[in-house]
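Peer 1: This is what each chain is made of:
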Amino acid sequence: MKHASATAPSIRGGAQGAVALIRARGLSKTYPTADSGEVTALRSVEFEIFHGEFVSVVGQSGCGKSTLLKLLAGLLPATSGTVELDGRPLSGPSPEAAVVFQSPVLLPWRSVLDNVLLPIEFRRLARSRYRQSALELLDMAGLREFARRYPFELSGGMQQRVALVRALVQDPRLLLMDEPFGALDAMTRELMNIELMRIWSRSRKTVLFITHSIAEAIFLSDRVIAMTPRPGRIADIVTIDLPRPRELAIINTDRFGRYVAHLRPLLEAQGGAF
Amino acid sequence: MTTQPAEIPHVAVADAPSQIARGSIIRRYPQLTISPAVLIGLLAAWWLASNVLAAPAYILPPPQDVLQAAVQGLARAPWDRASYWYHAGITVWEALAGFAIGSGFGALLGLLLSHWPLLGRSSYPYIVGFQSLPKVALAPLMVVWFGFGLEGKVFITAIITFFPVLVNTMAGYHSVEPERIELARSCNASEWHLLTKIMIPSLLPFLFAGLGVAAVLSILGAVVGEFVGARAGLGMLLMQYNQSMEIAPLFAVIVLLGLIGFMMNHAVGLVERRYCFWAQRASSSTRP
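Sequence lines, in order, name chains Z and V.
Its first residue numbered 3, the first sequence is counted upward by one per residue in this note's numbering.
Its first residue numbered 169, the second sequence is counted upward by one per residue in this note's numbering.
Isolated chain Z, as found in the complex:
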């Protein structure tokens, strides 16, 4: 925790706008266990994410990073603490924040285009008004010719890109991504990261990206939030000062290596490299 307090002022200073898009204050979450005990998933987590920022949360499995995402998405109530979205306390899912899940969660009976328009239907908006932007987003993701296809005709990487387009179609200000490429093979994953960078640089959404890969977090992010396992707490928030646009080759540079060397021990509060 002393790391967090040491670095936090410099981050506030470095941010361009004064108002944070999302602000977590003293966020804690405990779950009841089967033997009527309690398990603490998150303990007093505090951070801010500013407009247009790409922030990753990195930690081992079981460090509560998925819980954190669900709290920020309004899918779970916090045990204590608050989440503010654009200065207003969050009380449930908001159209301003869209979630990309670990698996694509595409509905197999709907075509790609109908899957993308699903949030529009859920929010009782006119499909016809969003059709064009949905097609443009599919085009941007290189999926235009697949609009009429069904999910089972697509590869895993393509399915996850459809899920990303589905999140973007509501034109949210915040994208919450929960290890979206965790289920893909290493090669596809690298390509997806580059693709995500390209889409992000065009759409300029604010992104909170959950991952257990340190390299992925550094490669993608403006800042990386490192979390300790059980109970999940913030060990450090590191500003990644690498030039953009970034190419895969940046992974082999010394600066990249120093970020990795700094972050890795923070995640290993209880030992173990993987």
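Chain Z side only, calculated, beta carbon under 8 angstroms to chain V, not exhaustive:
#  : residue
1  : A75
2  : L77
3  : P95
4  : P97
5  : V101
6  : F103
7  : L109
8  : P110
9  : W111
10 : E123
11 : R125
12 : Y152
Using C-beta positions, here's what the derived DEER-type ranges look like:
#  : chain 1 : residue 1 : chain 2 : residue 2 : range
13 : Z       : A128      : V       : H342      : 31 to 37 angstroms
14 : V       : G297      : Z       : R146      : 55 to 61 angstroms
15 : Z       : N254      : V       : H342      : 46 to 52 angstroms
Hints in this document: simulated from the structure, not taken from any laboratory.
Here a beta-carbon is modelled for each residue, glycine too, at the ideal position from N, C-alpha and C.
Using the hints, position chain V against chain Z.
Peer 2: Positioned in the frame of chain Z, the structure of chain V alone reads:
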């Protein structure tokens, strides 16, 4: 650095089965030759047993007698009370009406009991209790309640088809991927949208499995209903032929019932293929 080229070969994989299509239709579908061969083999064994080994005709009538009885029964006009068409029409009508009522209520109640878990938990013991009851045991009661008309047969068919549909609907509801529900919640979906756009389509494959079982059971329900007392129907014909020891027409009616059951199940399969075309292919690719 572009991403598309690496992705496209994955799609080509989906077309791989077309390579097998080069072979002839018989090589592609070996069952097309094997299953008629099985039928011919069974008929030959039957013919041998009755004609050559001389099994008594009141135990195993020769196939040609059964065929003759079937032709006689089917050659008459459908409104002729001696034709099989007339009786088959009655039985199919009872089965379809019972199937529609029973599976309709089964699906509806299955949704209600799953959607309101308290309702489901509190009525579960009664459902299990009633399901363990052999429903055909209710058939004699139907005559007392409804007499010899069609209503009793429809009622017992409805009860018999109700349970497989109810149980499958509930199983389908509980096996919906939690991520799909979370997706809907994250988009502020209403309960109605959650039900109609996520839950009901997701459970369709389970529902159709239940409907397939119910379709076959519906014929059973109608026939058992007719056994205990009826003025018409294939079940009543079976009882008549049994009492008069006309075994060849008895066999003809049994074969006819088998065909009707097969067609009912096949009809459900056709509807399933129309509305659940995605189910089999999806299960292999949605999960990484």
